[in-house]
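Quick note, the sequences are listed as chains A and B, same order.
Counting from 22, one number per residue, gives the positions in the first sequence under the working numbering.
Counting from 247, one number per residue, gives the positions in the second sequence under the working numbering.
If you are wondering where the hints come from, they were derived from the structure by calculation, not from laboratory data.
Beta carbons are placed, not taken as given, at the ideal position from N, Cα and C, and that holds for glycine.
It is possible that part of the hints are untrue.
[Stated by the list, open to error] So the derived list for chain B, only partly shown, Cβ under 8 Å to chain A, looks like this:
| hint | residue |
| --- | --- |
| 1 | GLY280 |
| 2 | GLU553 |
| 3 | LEU556 |
| 4 | LEU557 |
| 5 | SER573 |
| 6 | LEU587 |
| 7 | GLU621 |
| 8 | GLN622 |
[Claimed, not checked] Not close to chain A: a few residues of chain B, all C-beta gaps over 12 Å, as computed:
| hint | residue |
| --- | --- |
| 9 | ALA255 |
| 10 | ALA339 |
| 11 | VAL522 |
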Amino acid sequence: MSGGVDSSVAASLLADAGHDVVGATLKLWGGASDSGCCSVADVDDARRVADEIGVAHHVFNFTDDFDASVVAPYVGDHSAGRTPNPCIECNRHIKFGTLLDRARRLGFDALATGHHAGVDGDTGRWRLRRGADRAKDQSYVLSMLTQAELSQVLLPVGVLTKAQVRAHAAERGLRTALKADSQDVCFIRSTEGRRGFLGDRLPLHAGEIVDSATGAVVGTVPAVELVTVGQRRGLGVTVDGRRLYALAVDVDARRVVVGGADAALSDRVGVCRPTWVDGPLETGARAVAQTSAHGPTALCTWLGDAVVFDEPHPLVAPGQTIALYDEDDNDTVTGSAVAA
Amino acid sequence: MATYLDHAATTPMRPEAVAAMLPHLTERFGNPSGSHAVARAARQAVDDARDAVAVALGCEPGEVVFTGGGTESDNLAVLGAHAASGGSVVCSAVEHHAVLLAARSLGGTTIPVDPAGVVDLDALSDALHPGVGVVSVMLANNEVGTIQPLADVVAVVRRRAPGAVVHTDAVAAVPWLDVATSAGPADLVSVSAHKFGGPKGVGVLVVRRGTRLGPVLHGGAQENGRRPGTHDVAGIVGTAAALTAAVAARPTEVPRVRALRDRLADGLRAAVDGLVETAGPVADGAGGAGKVAGSCHVLVPGVDQEELLLLADHAGVCASAGAACASGALEPSHVLLALGLSAAEARSAVRFSLGSTTTDADIDAALTVVPKVVEQLRA
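Modelling step: build the complete structure from the supplied sequences, incorporating the hints.
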């Protein structure tokens, strides 16, 4: 229970259905924070919602695990010029790792969260599905889940639209009914931003911007580590009236390679760390890829160490997750991989 | 009914205290700072309470300052003594945060403790010099129960920093130790009513005659200006009643509770592989390097305290571990780290603390539930 409306309603629905529910809020970040799941006000909301629906509530201190499994890799990836998705790593290692392990040890049958996605298992094998509310669908950030987790995961709000979630919360008198959705990365304060956070934790290096077409140095960036492949905004580089995209980041060489819109598309992205909801895709299998939380989908072919898109696709920054969906059923997650 | 083994967090109010308070929550509502009959009646109640507290703590009535609790007493002691006399601040590494963070706010120095939690007198001596203005060493530790050699501490301070004011946080000691004697050498002594059967939100700071202490709060002339603010008459009356009762019960309660505690500790050790008592077993001799009678603090290797406490709680056994942050999450205990334990060891720590209402049945329940819980978590 993050203190938001989705997990409030998830707990409420399960308690009302007669399950023996215990609420847990994770303390993940010991440092300064102004949003997400870590602030005291959010814990207060979670505890009071638990009171309102009549279930016990506990706070688990996972700050050490979070630091080791999410924050340190986040910093390390940036120092290597990659752009990780810390929310996915938190889901992978903390919520559906450390927390699920704890839930099992404590004797619980299932772990429920407020994610907008679906788990179903008519056949005894578990499927991970998009949420009913397409605009709020969070199957992308859960795409790394496998049978081992899904067999013990409940996503009760995944069948509802966000409006229905809020309506349920209001009807049930839950204080989080009108609470704004959380945004951004929970451990980064809006006042310091990514730059301030990373600047405190690793040396940031100025670098040159090189035009891929001519090899010419066309500008500089204050911090190579903060440039994301595919990024256009904020680079401040135009050549012959063309707005240029970051095509590659080389931290060691202190260099960002840029190019035009055509160069910022590719039909292939190398991948690593694949995970499968229910067994791997065979090399050459067809799939539907989604490369950001709410981005468009793209037909592709799975090659084991790469994804090949049918049509040229915007560059996927190294470290970003690619969720794979069933070719015939774009609502069912097949697996995930991380752009290499 | 839950098995309550968290008396070091708070202990039920003594019936004497509740009975003494009730009239002051109802018909005897006066403000003791006034001069009319209603006010004078309240004033008398506060004065009577002050007399009783002075007897129990071995001081003069004029040396008793009523405060808003143990944390306030500790802050008033450290900040107030520093405000009056200046100088640097020294405290042990295992102080309650009320002392530790107050001292830190003044740039204070902390003195290490040995693995049993006893302050290192040589290190203390080395840290002291005539420029030290305040030294604070607790009488008994609130987490692991270790009793500090306060008389030795004070002797070292008088020799090495003759101008320093010595404060002792006796909050965790009152039910178990004769504070009048064992805190006798200190200039300032903090106690908290809800740790000995009084109400929450009332504390006492004993300020020995001649000890310079500036106010931390500014306002009226109550408590000789040392702690302004309208007296919590009911709370003060309840504090005195509870303290009088606790002191009277001590000669029979300490051996009774110690026997229960030993049965709990022995039973847990026998039933749970690898379980050890933190800071060693209890040694005899109050005032020496022993532990208070109600404290049973253990390390359960391979078990996370959050998980053990949750399952014990759900099975009806209330215990605790360390300090919680604002969110309610447990933090690695600075006390355990100061004893030389690793962060992982500190996360395996659980505190059972006994009190005046603890019975054999409570120990039976804990000895049934805890080994079962540990077995589940280790499976």
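| message | The hint names SER573 (chain B) as touching chain A; please verify it with the least Cβ-Cβ distance against 8 Å. | response | 4 Å, holds
With chain A as the partner, please determine if GLY280 (chain B) meets the hint condition of a C-beta pair closer than 8 Å.
-> 39 Å, violated
Using Cβ atoms and 12 Å as the threshold, tell me whether VAL522 (chain B) really stays out of contact range of chain A. The claim stands: VAL522 (chain B) keeps its Cβ more than 12 Å from every Cβ of chain A (closest is about 22 Å).
inquiry  = Over 12 Å from every CB of chain A: does ALA255 (chain B) meet that, or does the non-interface label fail?
reply    = 16 Å, holds
Q: Go through the hint on GLN622 (chain B) and say holds or violated, using the shortest Cβ distance to chain A against 8 Å.
A: 7 Å, holds
Supplied contact hint for LEU587 (chain B), tested at 8 Å Cβ to chain A: 15 Å, violated
Just want to verify: ALA339 (chain B) was marked as not at the interface with chain A; is every Cβ pair farther apart than 12 Å?
21 Å, holds
Classify the hint on LEU557 (chain B) as holds or violated, based on whether any CB of chain A lies nearer than 8 Å to its CB. Result: holds, 6 Å to nearest chain A Cβ.
Check your understanding: Per the CB criterion, is GLU553 (chain B) less than 8 Å away from chain A?
Key -> It holds, given that the least Cβ distance between GLU553 (chain B) and chain A is near 6 Å, below 8 Å.
Requested in this report: Using Cβ atoms only, decide whether LEU556 (chain B) comes closer than 8 Å to chain A, and label the hint accordingly.
Outcome: 6 Å, holds
Using Cβ atoms only, decide whether GLU621 (chain B) comes closer than 8 Å to chain A, and label the hint accordingly. Violated, because the Cβ-Cβ distance from GLU621 (chain B) to chain A comes to roughly 11 Å (cut-off 8 Å).
Violated hints, in rising order: 1, 6, 7; the structure is consistent with all others.
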